[in-house]
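Protein chains: 2
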Amino acid sequence: MRVAVLGCGNVGSALVSLLLRDRDGIAERSGVRLELVGVAVADAARARPEVPAELLSGDAKALATTDDVDVVVELIGGVDTARELVEAALGAGKAVVTGNKALVAAHGAALARMAADAGVDLLYEAAVAGAIPIIRPLRESLAGERVRRVMGIVNGTTNFILTTMAEEGVGYDQALAEAQRLGLAERDPTADVAGHDAAAKAAILAGLAFRCDVVDADVYREGITDLPAVDVAFARRLGYVVKLLAVAERSPDGALSVRVHPALVPASHPLAAVRGAFNAVFVEGEASGELMLYGRGAGGLPTASAVLGDVIDAAHNVLSGTAAPAPARSPARLQPIEDVTGAFYLSLEVKDRPGVLAAVAAVFGDHQVSIRSMEQQGLGEEARLVFLTHRAREGDVRATLAVLEALSAVDHVGAVLRVVGDEERP
Amino acid sequence: MRVAVLGCGNVGSALVSLLLRDRDGIAERSGVRLELVGVAVADAARARPEVPAELLSGDAKALATTDDVDVVVELIGGVDTARELVEAALGAGKAVVTGNKALVAAHGAALARMAADAGVDLLYEAAVAGAIPIIRPLRESLAGERVRRVMGIVNGTTNFILTTMAEEGVGYDQALAEAQRLGLAERDPTADVAGHDAAAKAAILAGLAFRCDVVDADVYREGITDLPAVDVAFARRLGYVVKLLAVAERSPDGALSVRVHPALVPASHPLAAVRGAFNAVFVEGEASGELMLYGRGAGGLPTASAVLGDVIDAAHNVLSGTAAPAPARSPARLQPIEDVTGAFYLSLEVKDRPGVLAAVAAVFGDHQVSIRSMEQQGLGEEARLVFLTHRAREGDVRATLAVLEALSAVDHVGAVLRVVGDEERP
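Same order as they appear, the protein sequences are chains A and B.
Heads up: the first sequence at position 423 corresponds to 423 in this note's numbering, and the numbers run straight through without jumps.
Heads up: the second sequence at position 7 corresponds to 7 in this note's numbering, and the numbers run straight through without jumps.
Since the hints were derived computationally from the structure, they do not count as laboratory data.
Since the structure is predicted, the reported quantities are computational estimates derived from the model, not experimental observations.
Misleading hints may appear alongside valid ones.
What the hints assert, rightly or not - To spell it out: a stretch of chain A is covered by chain B in this simulated footprint if at least three of its residues, at any positions, have a beta carbon under 8 Å from a beta carbon of chain B; those stretches are:
id	region
1	23-29
2	131-137
3	142-152
To be verified - Here are some, though not all, of the chain B residues that point toward chain A, as calculated from beta-carbon distances under 10 Å:
id	residue
4	32
5	268
6	308
Built from N, CA and C at the ideal position, the CB exists for glycine as well.
Starting from the given sequences, assemble the full structure and let the hints guide the process.
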């Protein structure tokens, strides 16, 4: 099977070296012989130690559509050029493998229809959570399952920052600087810390788990840039770990909530043990119960291993003249964030004087937000009040906060974090 | 696609009810319509609330081979009858799905060859770790990967017992009684606590991960029946959790070690967070890095969900006239347990008098077993010495213990437990 690779960055060059170094081993283990026939790069004249010069091409479109290729691997990234190339390859009847989350999150449904029409594969295991097999289990192992909820730690940069804040007691800025020093965060970290990267992956996971069309713009999104260290520490004392979660869940009335935000995860929850730059996706199914898939969410070689699994799968399918099944998707009916229900962690700075707690508690009661526990910490003239609520509608919590912010006794509304329940934990 | 189910126990009846209750939902989500055409049971005259009487059949062999069936699901269990039925179904050109670990561990290689010759699927996701998608990721996602090691918590009964011992500080007998009370352990728990169940799963995992023929009789096996509570507690104090692990790993010289035994897992390792009756399989690949797949390892409905995923996969393949790729397997060259190297935890009761530690330490030195740390605990006239060793050859550790047992100053050699390294943890 002849393979063309478009793009030779971090993942592309790792894939190329796997394909060249270990051709016989891959053939022996997988039962399919993969022949790398070309690598499209922006500047084909520039020598690359890992790629023989005769394989380099400056014309990605020609390589993606030539008769001599069976499987096209798109690792260029970005949306527009990548889309054009993938469409050209699918149009030419090639199976396509991509690791491009932005492309799949924005145009996955349309591309999947193109692939289905052409009778070829469009596979993208590497687009979510790097090396972790999550797309294939969702698509195949859980093909018949009624999924209730998917929660993922799908961004290694933010998980590293949050792990560092929790375990070393440092603030956001210092943890970010450490991530940058280690090459785990970009100089401009916005895409990671504001949750854009996680939102693209949330859209892909939601689409697969609930068989509907979700794009990244549909995803409600909060990042971790405003997260105070004091709340990370407080959460820890209360038995929780703060994680940036990508969540997709079906509400009882059938609407789909897809969102990215920091959340308190109980320390006994499997997601709480996902530390540093690792990723994990937790799936709750009606029959399967709770599943979690854990591993490296980024890095050239781990991500290339996921691409390689897809290339082998696509090659097998080309050989047998078939394609991975792609069940029809329906439009998503999205739930507004105000209608989502869940427990909350709320941190307030208030005047330390009589009557304040009663006034604050009354506001909660007025909005049907029931308090599960409260802790007070003195801060000189002020006090910090930390509340955990019972399950409440987010719109009611927001209304509560709006009133609290206007109270003269309340100096500052701090962190407002959703809490993942641990009711079903063993 | 017409489906026949052989056996209607815990998993079988859960599968039947999924197929009957949710036919339209499954068709919508998976793109394939599954029609349950028969359920073979020992006594077809006995009414079963979950199965319409006209679907019951007392003749499993006839049902497994009739022209009216596309996919045969074997959930009878045991080896001989199940083997006969699976062979008959494969011989009749049916795709077969089984959840029978004993059958696959004993005869998986021969059955896989039969299936390949017949050009049909033999799928067994449910045979290892219940609902957890592990067979498919190993077979497909990691088809091209060089796997270094697989370590699994694949028996929920023993993991529940070990979790209870560690977290509630009780002894083995009491933890076993609690498991029995909760229905998590059989009245005769031998198959679980002696590691037989885990050994069958270890053989299956080893065969898939390393593409070679391994049967359950090849697996070195130690159970947890002799595990003293004091060592579980000591391990915890040292920062470890004791788990019963199924391990398959390739040594540097290419030999394969497949074994089941209790082991100390660092508290920061993802496997340490697998509590109660949950299962998890940890995979270390050269390119992929560390992966872990976690979920419910048993129970009718979770296991049925894994069977259903396989049935859908098989049905898709029947529809497209293909079968899951089954790369050739080679014979396994197995490594004797004496040649396996690793770190050890050793617990000795010795006379509390001068010179004993020096004598004990000298025996370690004589056998090239290097001590990493030692802790001494007074016990009246005696003392307990707990050693952690550096990586050592198991044969050398055994020789050390044989000499120690003969020393007059050593009253008792207690637990000897392998230690999983945490060098690569973040």
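Now the hints, each set against the structure:
no.	hint	result
1	23-29	holds (count 4)
2	131-137	holds (count 5)
3	142-152	holds (count 5)
4	32	holds, 7 Å
5	268	holds, 7 Å
6	308	holds, 4 Å
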